[in-house]
Amino acid sequence: MIRQTILCCGFLVVLVCGLLVSPAAAQQDETVCIQCHGGLPDALGVPVGEWRQSLHADNGISCHDCHGGDPTDFAMAMSPERGFLGAPDYTAVPEFCGRCHVGVLGDYQESAHGQALQAGGAQCVMCHGNHAVQKASLDLINPESCARCHDYERADKIKGILADTDGKIIAMEEELARLGKLGMAVEAFEGQLFDLRNRFHRAFHTVKEARVREQTGEVLAGLETLRAGVDEIDAGLGQRKLWGGVAIALLVLAGILFLQMRKTYEEDEKG
Amino acid sequence: MSPLKMLVDFLDVRLGVRDIFAKEVSGYLLPRRVNAWYTLGAVLLTLFGLQIFTGILLLVYYVPHADLAFASVQAIVNDVPFGWLIRMLHAVGANVIVIALLLHMLSVLFMAAYKGRREFTWLSGFVLFNLTMGLCLTGYLLPWSQLSFWATTVATDTPGAIPVVGDFLVEFLRGGATVGNQTLGRFFALHVVGMPLILLGLIGFHLFCVKRRGISTPPFGEDYLADELLPFFEHEEHPAGIPFFPNYVVKDAAVICFFLAFLLAIIFYLPGLFFPPSAFEPADPFVTPPGIKPEWYFLWAYQTLKIFPSEIIGLGVQGAFMTFLALLPFIDRGRERRPAKRPVFVTCYVLGILLFVAISIWGHYS
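Protein chains in written order, with the numbering used here: chain H, 1 to 271; chain S, 1 to 366.
Worth flagging that the hints you see were computed from the coordinates, not collected in a lab. You may find that some hints are simply not true.
To be verified - Some chain H residues flagged as far from chain S (calculated, every beta-carbon gap over 10 Å):
no., residue
1, Gly45
2, Gln53
3, His64
4, Met78
5, Pro80
6, Ala87
7, Asp89
8, Cys100
9, Gly129
10, Pro143
11, Asp164
12, Glu214
13, Gly217
Stated by the list, open to error - Calculated lysine-lysine pairs in the BS3-like style (CA-CA distance at most 27 Å, straight line):
no., chain 1, residue 1, chain 2, residue 2
14, H, Lys181, H, Lys241
15, H, Lys159, H, Lys208
16, H, Lys208, H, Lys135
17, H, Lys168, H, Lys157
18, H, Lys135, H, Lys159
19, H, Lys270, S, Lys211
20, H, Lys135, H, Lys168
21, S, Lys211, H, Lys263
22, H, Lys263, S, Lys23
23, H, Lys135, H, Lys181
24, H, Lys270, S, Lys23
25, H, Lys181, H, Lys168
Glycine included, every Cβ here is placed at the ideal spot set by N, Cα and C.
Using the sequences and the hints given, assemble the complete structure.
Here it is as C-alpha cells:
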C-alpha cells in the first residue's frame with residue numbers, strides 16, 4: 001500500500017515537473033489578410049509569399065500598414081469604412097510610400113525622377129519592387145535598371161561617390177550587431193547610424209551629384225564619431241579578456257596546487 | 001594570541017565547536033577509494049552559493065515589470081560597475097549548474113549509489129534536479145527579452161495539450177491568456193523566493209540523507225563488498241577510510257577551482273555561447289523571432305514533443321521516462337553495484353546518454 005502511494009505521488013510530481021519544463025512549437029498569429037490571400041492563386045496570392053521574404057515583414061510591417069483595412073475582421077477587412085485603400089495608381093505610389101518614408105519623398109519630388117512622374121518617370125517600386133521590397137543597397141543602381149529609362153553614365157558616377165561610404169556604413173552595422181550580441185548597449189549608436197544611413201540614402205534620391213557629395217561628407221564625419229565609440233567599447237572588452245585570462249589562470253593554478261596537496265595526503269594514507 | 005584563535009576559543013567554550021569539527025569534519029571518514037566524481041556535490045554547493053550571491057546583487061537593480069525589466073537588465077550590464085560580470089556569472093552559472101547536476105546524477109547512476117537504502121537521497125536529488133530546471137525556466141523570463149518572452153510562451157503553452165484541464169493549466173501558469181506582466185510577476189516571485197526556499201530545504205534534506213546513511217563506497221576494486229541490507233537502520237561507517245578534512249577537501253577544492261575556471265572561460269571568451277541574438281532584443285508580443293528554441297537542456301523534451309503525432313503522447317512518454325528515473329531505486333532492487341557485473345544496465349545507460357545527445361542535436365537543428 002505504501003509503495004503504491006509512493007509510486008502514485010512520484011508519478012504525479014514527475015508528470016507536473018515534466019509538463020512545466022516541456023516546450024512546444026510556436027504558432028505565429030497572422031492577420032486575416034494573410035490567412036485569406038495566402039491561399040489564393042496567382043496575382044491575389046503571390047504578394048503574400050513575396051512579402052514574407054521582404055524587409056517589411058522582417059520589421060513587422062504588414063498588409064494593412066500600407067493598404068489599410070481591418071486585419072482582424074474577415075468581413076470588413078477590405079471595407080473603405082475601416083480605412084481600406086487598395087492598390088495605388090502608378091503616379092500615386094510616391095505619396096503612398098511617402099506616408100512613412102517622409103524624408104525620401106521630399107527629396108524624390110525635387111529630383112528629376114519626381115519631376116517626370118506624370119510623364120512616366122521612375123517611382124519607388126520601379127527600383128525597390130513592391131511586396132518583395134528589400135533593404136536598400138547600392139546594387140539597386142545598375143545598368144539594367146537605370147538603362148530602362150536613360151543613360152547609365154550619370155547614375156554610375158553617383159554610385160561611385162556613394163560606394164566607399166556605403167561600405168563603411170555596412171561595416172559599422174556589422175560592428176554594432178557584433179557588440180549587440182555581447183549585450184553592449186549600442187541602441188544609441190544604432191539610432192545614430194540609422195539616422196546617418198537614412199540621410200545617406202535620401203541623398204541619392206535627389207540624383208544631384210553636388211548634393212550627394214555634400215551629404216556623404218557629413219555622413220562620413222558621423223561615422224568617424226561612431227567609430228570612436230565602438231573602439232572605446234572594444235578596448236574595454238579587451239581589458240576584460242585580459243583580466244579574465246588572469247583569473248582563469250589563477251584558478252587552474254590553484255586547482256593544480258590542491259591536487260598536489262591531495263597527492264601528499266595519498267602518500268600519507270598509504271603509509 | 002591571534003584574533004582567530006581568540007574567536008575560536010570564544011565559540012568553543014560556548015558551543016563546543018572544536019568537538020563538532022573533530023567529529024563531523026576532520027573525524028568524518030570517507031571510503032578509501034572515493035574518487036573525483038564524489039566532488040560534484042561540493043561543486044554544486046559552491047555553484048548554488050554563487051547563484052544566491054549573484055542573484056541577491058542582481059535584485060538590487062532588477063525591476064520586475066514588463067515595461068522596465070529589459071531596460072533594468074541592460075542598465076545592470078552596461079551601467080552598474082561589474083554588473084555585466086554579476087549577470088554573466090548568474091546566467092552562465094545556471095548552465096554550468098545543469099552540466100554539474102547531469103554529471104552528478106550520471107555518476108550516481110553508473111556507480112548505482114542509489115542502492116543500499118538510499119532511496120530518499122536519490123529522490124531528494126531527483127526533485128532538486130527538477131527544481132533547478134524550474135529555476136532555470138522561471139529565470140529565463142526575467143530579462144524580458146524576445147528570447148525570454150517567446151521561450152516562455154512556448155513552454156507555458158505545452159500543458160494546453162492535456163485534455164479537460166489543459167487550458168486552465170496554461171492560464172494558471174501565465175496568470176492570464178497570454179504571457180504578460182502578470183506572468184513576469186509570478187515567475188519572479190517563484191524564482192527569487194518560492195523555489196530557492198524549497199531548494200535550500202531540499203539541499204539540507206539531501207545532505208542529511210547523505211550524512212545519516214553514510215557515503216556509499218565506490219563499487220570498484222577487489223576489496224569491494226556489496227552493502228548488507230539489515231532489517232533495521234544502520235549508518236554506513238568507513239573505519240579504515242580517509243578524513244574528510246583536510247584529505248578530501250583539497251580534492252573538492254581542486255575540482256571547484258576547475259569548474260570556476262570553466263565558468264569564467266565561457267564568460268570571458270565565449271560570452272555568446274548561451275545567448276542567441278534574440279536574448280538582446282526587448283520582448284515584443286507582436287513579432288515572433290524565427291527559429292526560437294529552448295535552452296540546450298530542454299531540447300530533448302522539445303524534440304520529443306515533435307516526434308510523436310500528438311503532444312499528449314509526447315508528454316506521456318516524457319512523464320513515463322521521468323517517473324521511471326525517479327523511482328529507479330524502488331525498481332532496481334538487486335544488490336549488485338559493480339558496472340562490470342551489470343551489463344544490461346550499463347548498455348541502457350550508454351544508449352540513454354547517446355539518445356539524449358542525439359535527440360538534443362536533432363532538436364537544435366530541426
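To see whether the hints hold, each was checked on the structure:
1. Gly45: Gly45 (chain H) clear of chain S: closest Cβ-Cβ about 22 Å, beyond 10 Å.
2. Gln53: 12 Å, holds
3. His64: 13 Å, holds
4. Met78: 22 Å, holds
5. Pro80: 25 Å, holds
6. Ala87: 25 Å, holds
7. Asp89: 31 Å, holds
8. Cys100: 17 Å, holds
9. Gly129: Its Cβ never comes within 10 Å of chain S, the nearest being 22 Å, so this holds.
10. Pro143: Per Cβ check, Pro143 (chain H) is outside 10 Å of chain S; nearest 35 Å; holds.
11. Asp164: Holds, because the least Cβ-Cβ distance between Asp164 (chain H) and chain S comes to about 28 Å, which exceeds 10 Å.
12. Glu214: 35 Å, holds
13. Gly217: 32 Å, holds
14. H:Lys181 - H:Lys241: Between Lys181 (chain H) and Lys241 (chain H) the Cα gap is close to 16 Å, so the pair holds against 27 Å.
15. H:Lys159 - H:Lys208: Cα-Cα ~11 Å, so holds.
16. H:Lys208 - H:Lys135: 22 Å, holds
17. H:Lys168 - H:Lys157: With Cα atoms ~18 Å apart, Lys168 (chain H) and Lys157 (chain H) stay inside 27 Å; holds.
18. H:Lys135 - H:Lys159: Between Lys135 (chain H) and Lys159 (chain H) the Cα gap is close to 17 Å, so the pair holds against 27 Å.
19. H:Lys270 - S:Lys211: Between Lys270 (chain H) and Lys211 (chain S) the Cα gap is close to 25 Å, so the pair holds against 27 Å.
20. H:Lys135 - H:Lys168: Within the cut-off at roughly 16 Å; holds.
21. S:Lys211 - H:Lys263: The given pair, whose Cα atoms are some 25 Å apart, holds under the 27 Å limit.
22. H:Lys263 - S:Lys23: 24 Å, holds
23. H:Lys135 - H:Lys181: 21 Å, holds
24. H:Lys270 - S:Lys23: Given that 27 Å is the threshold and the Cα spacing comes to 23 Å, the pair holds.
25. H:Lys181 - H:Lys168: With Cα atoms ~20 Å apart, Lys181 (chain H) and Lys168 (chain H) stay inside 27 Å; holds.
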